[in-house]
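Start from the sequences, fold in the hints, and give me the full structure.
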Amino acid sequence: MPTAVRPVRIVVAKVGLDGHDRGVKVVARALRDAGYEVIYTGLRQTPEMVVDAALQEDAQVIGLSIHSGAHMTLFPAVVEELKRRKATDIIVFGGGIIPDDDITALKKRGVEEIFTPGTPLQEIVDWLRKRFPESATK
Amino acid sequence: MRALARAITLVERRDPSVRNLEDAIRNDARVPGVTGFTGAPGTGKSTLVDSVVTLLRGQEQSVAVLATDPNSPFTGGAILGDRIRMQRHALDPKVFIRSMGARGHLGGLSLASREAIRLLGAFGFDQVILETVGVGQSELEVAAVADTTVVVLTPNLGDSVQMIKAGILEIADIFVVNKADLDGHGRAVAELRTMLNMAPKAVWKPPIIPTVATRQEGVEQLWEAILAHRRHLEKSGRAKELSERRLRDETAEVAAELARDRTRRALQEDPTLTERLLKDGTPYRTAEEILRTRTDN
Amino acid sequence: MKVRARDAKEAWREEFESSPARDDGIETSTISGIPLEPLYTSADLPRRAEEYPGQFPYTRGIHPSGYRGRLWTMRQFSGFATAEETNRRYKYLLANGQTGLSVAFDMPTLMGQDSDAPTSRGEVGHCGVAIDSLADMETLFEGIPLADITTSMTINSPAAILLCMYIAVAEEQGVPASKLGGTLQNDILKEFIAQKEFIFPPAPSMRLVVDSIEYCAKEVPKWNTISISGYHIREAGSTAAQELAFTLADGMAYVDACLERGMHIDDFASRLSFFFDAHIDFFEEIAKFRAARRIWARWMRERYGAQQERSWKLRFHTQTAGVSLTAQQPELNIARTAVEALAAVLGGTQSLHTNAMDEVLALPTDKAARLALRTQQLLAYETGVASTIDPLGGSYFVEALTDEMERQAEAYFKRIEEIGGVIPAIEVGFFQKEIADAAFRYQQELEQKRRIVVGVNEFTNADEESIEILRIDPRLESEQAERISEVRRKRDQAKCSNALDRLRRAAAGTDNLMPYILDAVRAYATEGEIMHTMVEVFGTYTETAVV
Chain H
1 MPTAVRPVRI
11 VVAKVGLDGH
21 DRGVKVVARA
31 LRDAGYEVIY
41 TGLRQTPEMV
51 VDAALQEDAQ
61 VIGLSIHSGA
71 HMTLFPAVVE
81 ELKRRKATDI
91 IVFGGGIIPD
101 DDITALKKRG
111 VEEIFTPGTP
121 LQEIVDWLRK
131 RFPESATK
Chain A
1 MRALARAITL
11 VERRDPSVRN
21 LEDAIRNDAR
31 VPGVTGFTGA
41 PGTGKSTLVD
51 SVVTLLRGQE
61 QSVAVLATDP
71 NSPFTGGAIL
81 GDRIRMQRHA
91 LDPKVFIRSM
101 GARGHLGGLS
111 LASREAIRLL
121 GAFGFDQVIL
131 ETVGVGQSEL
141 EVAAVADTTV
151 VVLTPNLGDS
161 VQMIKAGILE
171 IADIFVVNKA
181 DLDGHGRAVA
191 ELRTMLNMAP
201 KAVWKPPIIP
211 TVATRQEGVE
221 QLWEAILAHR
231 RHLEKSGRAK
241 ELSERRLRDE
251 TAEVAAELAR
261 DRTRRALQED
271 PTLTERLLKD
281 GTPYRTAEEI
291 LRTRTDN
Chain B
1 MKVRARDAKE
11 AWREEFESSP
21 ARDDGIETST
31 ISGIPLEPLY
41 TSADLPRRAE
51 EYPGQFPYTR
61 GIHPSGYRGR
71 LWTMRQFSGF
81 ATAEETNRRY
91 KYLLANGQTG
101 LSVAFDMPTL
111 MGQDSDAPTS
121 RGEVGHCGVA
131 IDSLADMETL
141 FEGIPLADIT
151 TSMTINSPAA
161 ILLCMYIAVA
171 EEQGVPASKL
181 GGTLQNDILK
191 EFIAQKEFIF
201 PPAPSMRLVV
211 DSIEYCAKEV
221 PKWNTISISG
231 YHIREAGSTA
241 AQELAFTLAD
251 GMAYVDACLE
261 RGMHIDDFAS
271 RLSFFFDAHI
281 DFFEEIAKFR
291 AARRIWARWM
301 RERYGAQQER
311 SWKLRFHTQT
321 AGVSLTAQQP
331 ELNIARTAVE
341 ALAAVLGGTQ
351 SLHTNAMDEV
361 LALPTDKAAR
371 LALRTQQLLA
381 YETGVASTID
391 PLGGSYFVEA
401 LTDEMERQAE
411 AYFKRIEEIG
421 GVIPAIEVGF
431 FQKEIADAAF
441 RYQQELEQKR
451 RIVVGVNEFT
461 NADEESIEIL
471 RIDPRLESEQ
481 AERISEVRRK
491 RDQAKCSNAL
501 DRLRRAAAGT
511 DNLMPYILDA
521 VRAYATEGEI
531 MHTMVEVFGT
541 YTETAVV
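Chains as they are written, first to last, in our numbering: chain H, 1 to 138; chain A, 1 to 297; chain B, 1 to 547.
Because the hints were derived from the structure by calculation, they are not lab data. The structure presented is a predicted model; accordingly, all values stated were derived computationally and were not measured.
Subject to a maximum C-alpha distance of 27 Å in a straight line, what follows is the list of computed DSSO-like cross-link-like pairs (lysine-lysine):
{"#": "1", "chain 1": "B", "residue 1": "179", "chain 2": "B", "residue 2": "91"}
{"#": "2", "chain 1": "A", "residue 1": "205", "chain 2": "A", "residue 2": "240"}
{"#": "3", "chain 1": "H", "residue 1": "83", "chain 2": "A", "residue 2": "94"}
{"#": "4", "chain 1": "H", "residue 1": "86", "chain 2": "A", "residue 2": "94"}
{"#": "5", "chain 1": "H", "residue 1": "130", "chain 2": "B", "residue 2": "449"}
{"#": "6", "chain 1": "H", "residue 1": "83", "chain 2": "H", "residue 2": "108"}
{"#": "7", "chain 1": "H", "residue 1": "86", "chain 2": "H", "residue 2": "108"}
The following block contains the structure:
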């Protein structure tokens with residue numbers, strides 16, 4: 001039996017308390033249109049909930065969005081939770097209003113990539129394609 | 001939990017190791033109860049499933065939910081959003097939620113869900129709920145797998161009539177009219193009852209259960225109806241009949257899948273065969289020849 | 001004469017069509033996608049009687065004297081960190097000529113939870129000021145006489161609680177509620193539609209809104225009980241017409257709910273106020289503001305039968321579009337904000353917030369906040385735009401666009417009615433889908449460079465200089481948690497839990513909840529405790545996912 005190529009699965013979540021979901025929805029649509037399976041878990045997810053969803057869904061990627069300014073607390077908390085659940089193979093990227101200094105710090109703490117407002121959607125897709133070259137997404 | 005999640009992925013991908021899984025869990029006697037939920041978008045189906053999960057958790061039963069959403073026919077991508085409705089069960093280790101794209105399963109959704117259900121049984125889940133949006137084909141595939149299929153309608157969407165036109169009547173074991181607190185609820189139930197009365201007489205007459213899923217109302221009655229339907233299946237011998245038929249159907253599906261793969265591979269590996277096929281234009285003869293002469297290694 | 005005019009138009013048309021057009025591929029429609037003619041003429045003017053400001057249907061403004069009578073209120077939204085620090089910022093802004101306060105709360109406060117709740121971690125004091133109990137509110141307005149200023153509070157699900165805290169602080173200052181002026185955002189419908197800061201399901205949420213409107217009509221008569229907001233709908237990615245239509249539809253839903261409660265239209269209509277976005281598409285925005293007044297006046301008079309003129313007048317606050325600001329070359333945001341603010345003024349706004357250039361990066365620094373306020377002062381005092389009422393009235397283009405806005409809004413009202421009203425439309429995700437579609441369409445236009453954002457997809461700088469931004473001290477979280485436990489320690493425990501018990505019982509019944517909430521606030525129950533008490537009765541809401 002041959003193996004069907006399954007689309008890369010991405011859990012997309014809004015962590016923190018803010019409800020600004022325009023960006024996260026636009027990104028979710030763009031990822032769908034690029035052939036990914038996006039599991040949208042909605043608003044106000046705690047790091048524990050995000051990681052739990054990623055494990056149940058057997059996702060390879062977690063995409064986080066935040067606009068409330070709590071990224072320095074919550075993004076690393078997701079990475080820590082992945083370590084605790086021994087699932088560090090799942091990679092984390094994030095988006096939102098995040099100053100440059102914080103981006104450097106977040107990458108040091110295990111967040112693979114940060115996309116700020118104004119990033120072309122194609123840039124996010126290209127990054128994923130580079131990160132998962134083995135998965136054809138068509 | 002990760003092992004289970006990984007195993008379901010293998011099932012979805014039809015990975016060769018699935019056969020080994022089958023051997024490993026074949027003799028496991030645990031068979032979870034399987035209930036399908038289908039309904040148009042906006043009927044509150046996910047909320048209803050969520051409230052059924054709440055009820056079952058109150059009875060100390062463990063529950064797995066397999067939620068299916070359509071994939072884009074163009075890119076294969078999908079946005080799967082059913083988890084949002086089940087947040088109150090997040091972090092409950094006895095609740096497992098898995099979103100599935102309707103595509104991306106060789107052999108179709110029903111094949112993948114049957115295997116997944118077996119896995120979930122082996123992992124100790126008491127109940128499995130299949131949830132799918134009632135557009136397209138996926139609700140038929142769900143009905144083919146579930147013991148009991150619940151069709152969810154609402155009074156306000158004018159969907160009851162349309163759903164019945166779409167042939168939902170045949171797959172429904174139970175009707176739920178959700179959002180029973182809305183105006184027009186009584187009329188929707190009455191219309192539905194008239195239509196059911198016009199349908200050909202059957203041994204099982206689908207009950208109509210009003211619910212307000214957002215307030216957990218009517219959920220116990222719904223679960224009672226699901227159990228009554230299961231008892232009916234057992235008592236009438238229909239349960240045995242169904243499970244035998246499903247095994248036969250599933251075997252036929254797997255056989256078709258194997259044959260398809262074998263044929264594709266043969267055509268790929270054997271240029272002269274392909275050349276002859278293209279020249280003569282004889283798919284039947286070529287297929288028969290391949291199946292007769294070739295074996296899997 | 002007439003024949004010659006037509007000849008001239010045709011001659012222009014011929015020449016226009018034979019001249020080469022720009023081939024940069026950039027859209028000529030409005031940012032919302034309304035197709036535009038290259039030229040508007042008297043033929044595009046609607047045939048209607050001459051309109052005047054201060055007269056029905058108020059297209060040209062609600063005041064007969066425009067800004068000659070009174071300038072708009074310059075109301076800068078601000079708040080950050082602790083009540084103490086925000087109090088200092090307020091005194092600074094008032095000393096610099098600001099004429100009203102506008103409180104920004106932090107996310108835990110907006111979501112009705114205390115600073116020491118586990119899900120508040122990392123959020124305390126970031127997007128606004130942290131208010132947990134009456135004690136914080138006392139600090140926030142310390143030394144600011146509430147009888148002399150008006151205060152706007154951007155708060156929704158827990159709006160009733162914060163209003164009660166304000167009333168309680170005023171009591172302590174010796175100011176009776178009847179003297180208080182200000183605005184409560186209190187618009188829960190747009191939360192379900194766009195900003196998503198909902199807690200209770202729609203029905204109890206609406207009950208709380210109507211409770212506060214009913215209470216204020218009697219006890220706090222100068223208070224604007226609700227600010228029906230299009231701002232967040234627009235910021236979530238809607239078009240201008242969607243912002244206009246959904247906001248006014250929300251307004252009518254509140255009117256319906258109040259009428260259902262048994263209130264009389266003229267007893268509350270004049271205290272309803274609106275809040276719009278001023279986006280970057282200059283003329284479209286002006287048309288939107290003008291259309292809003294006209295539509296509202298007509299619906300209030302004709303559909304709801306309001307008798308008093310003040311019930312027909314749509315008053316609104318405007319904020320320049322946060323979503324139009326860019327992190328790239330942030331100084332450009334000053335120019336964007338100035339253009340947007342000008343549109344708000346030409347559209348006849350009653351009050352205005354201009355965004356600071358660094359708001360896309362973080363909360364504004366003192367300097368950025370001052371520049372934003374100065375931009376308004378520049379418009380008011382240097383440019384002369386405040387001298388003439390509705391200066392664009394009669395413009396072929398603006399009048400035609402105003403009519404188009406009105407037409408599109410009416411078409412949306414029809415669709416919403418077909419679904420069964422605003423709340424059913426929320427439940428099936430109608431608004432959310434329309435907005436998500438519009439946002440996605442715009443994003444694609446940007447990617448294809450059919451729309452240009454300077455510094456983002458064109459005219460970019462290779463290396464961006466970073467600007468100074470305001471940082472919130474992470475220690476603040478534990479300090480604020482300490483303040484709460486002090487409040488909990490010092491208060492009269494029995495009095496507090498009795499007040500909460502009474503509130504719980506009242507919530508299960510049909511009484512107006514405002515007096516019960518006020519009692520709980522006075523007993524120093526925290527915001528989180530009061531919300532939790534109501535959640536026990538009302539439950540919480542999860543939205544239909546519309547992506």
